[in-house]
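Engineer: With the sequences and hints as input, model every part of the structure.
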Amino acid sequence: DAGVIQSPRHEVTEMGQEVTLRCKPISGHDYLFWYRQTMMRGLELLIYFNNNVPIDDSGMPEDRFSAKMPNASFSTLKIQPSEPRDSAVYFCASSLTPGGYTGELFFGEGSRLTVL
Amino acid sequence: AQRVTQPEKLLSVFKGAPVELKCNYSYSGSPELFWYVQYSRQRLQLLLRHISRESIKGFTADLNKGETSFHLKKPFAQEEDSAMYYCALGRGSTLGRLYFGRGTQLTVWP
Numbered sequence: 001d002a003g004v005i006q007s008p009r010h011e012v013t014e015m016g017q018e019v020t021l022r023c024k025p026i027s028g029h030d031y032l033f034w035y036r037q038t039m040m041r042g043l044e045l046l047i048y049f050n051n052n053v054p055i056d057d058s059g060m061p062e063d064r065f066s067a068k069m070p071n072a073s074f075s076t077l078k079i080q081p082s083e084p085r086d087s088a089v090y091f092c093a094s095s096l097t098p099g100g101y102t103g104e105l106f107f108g109e110g111s112r113l114t115v116l
Numbered sequence: 001a002q003r004v005t006q007p008e009k010l011l012s013v014f015k016g017a018p019v020e021l022k023c024n025y026s027y028s029g030s031p032e033l034f035w036y037v038q039y040s041r042q043r044l045q046l047l048l049r050h051i052s053r054e055s056i057k058g059f060t061a062d063l064n065k066g067e068t069s070f071h072l073k074k075p076f077a078q079e080e081d082s083a084m085y086y087c088a089l090g091r092g093s094t095l096g097r098l099y100f101g102r103g104t105q106l107t108v109w110p
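Quick note, the sequences are listed as chains A and B, same order.
Just so you know, we're using this note's numbering here: the first sequence kicks off at 1 and counts up by one.
Just so you know, we're using this note's numbering here: the second sequence kicks off at 1 and counts up by one.
Hints are computed from structural coordinates only; laboratory data are not their basis.
Virtual Cβ for every residue (Gly too), placed ideally from N, Cα, C.
There's no promise every hint is true.
[What the hints assert, rightly or not] FRET-style restraints, in silico, Cβ to Cβ:
| hint | chain 1 | residue 1 | chain 2 | residue 2 | range |
| --- | --- | --- | --- | --- | --- |
| 1 | B | Lys57 | A | Val89 | 44 to 50 angstroms |
| 2 | B | Glu8 | A | Glu83 | 41 to 47 angstroms |
| 3 | A | Asn71 | B | Glu20 | 30 to 36 angstroms |
[What the hints assert, rightly or not] Covered stretches of chain B, as calculated for chain A (at least 3 residues, CB under 8 angstroms):
| hint | region |
| --- | --- |
| 4 | 31 to 45 |
| 5 | 79 to 91 |
Structural biologist: Structure representation (structure tokens):
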């Protein structure tokens with residue numbers, strides 16, 4: 001298995017544009033997580049899904065952010081409109097469990113977003 | 001509420017020196033604690049879990065419930081240990097998610 005696959009790896013866009021980040025989890029994993037990493041705030045959980053259903057989206061910053069998981073092998077994180085403060089590395093992770101007991105989440109390589 | 005605190009954003013040591021990355025947590029229940037590591041240009045990955053009581057790459061971490069700490073230690077740091085380290089808390093339930101600290105960037109100088 002190639003692991004969790006994210007695209008694009010790098011995205012540079014202008015303020016106000018729509019950004020879509022994509023994730024393919026490891027086959028068979030029931031949980032999918034979207035995290036945002038910044039120097040100031042570290043690693044923040046934005047949202048996570050179980051069997052394609054959003055379980056906790058309390059970390060989504062505001063209405064400009066939305067996430068979907070139309071099937072077990074694909075998820076998107078969309079920012080519309082994007083703002084410079086959204087610049088960060090966005091990670092997708094998947095797991096067999098939510099991670100609270102085993103601790104093992106499998107992370108993708110991340111999507112580095114720069115909003116000018 | 002559960003919280004993980006890593007008081008140092010940056011930590012620098014020289015090769016061969018001992019290193020300790022601090023992690024404190026707040027949680028009233030029975031916690032599960034973990035350390036994740038992100039080497040340059042690599043994926044974030046699980047380093048060790050307290051329940052395993054294991055030593056990985058020379059690192060150990062002991063859960064101290066009295067002090068609510070889970071500090072990561074290595075007696076002799078190596079240059080290849082330079083990385084970002086995240087402490088994470090689980091609530092000991094198969095249904096519970098992980099809570100991450102803000103991370104500590106460790107630099108080991110030659």
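Engineer: Now, for every hint given, state plainly whether the structure supports it.
Structural biologist: Each hint tested on the structure:
1. At roughly 24 angstroms, the beta carbons of Lys57 (chain B) and Val89 (chain A) sit outside the given window of 44 to 50 angstroms.
2. Look at Glu8 (chain B) against Glu83 (chain A): about 30 angstroms separates their beta carbons, and that is not inside 41 to 47 angstroms.
3. Here the CB-CB span from Asn71 (chain A) to Glu20 (chain B) is close to 45 angstroms, at odds with the stated 30 to 36 angstroms.
4. Taking a C-beta to C-beta cut-off of 8 angstroms, the region 31 to 45 of chain B contributes 5 residues in contact with chain A, enough for the three needed, and the coverage statement holds.
5. Interface restraint, the region 79 to 91 of chain B with chain A: holds (4 residues with C-beta to C-beta distance below 8 angstroms; minimum three).
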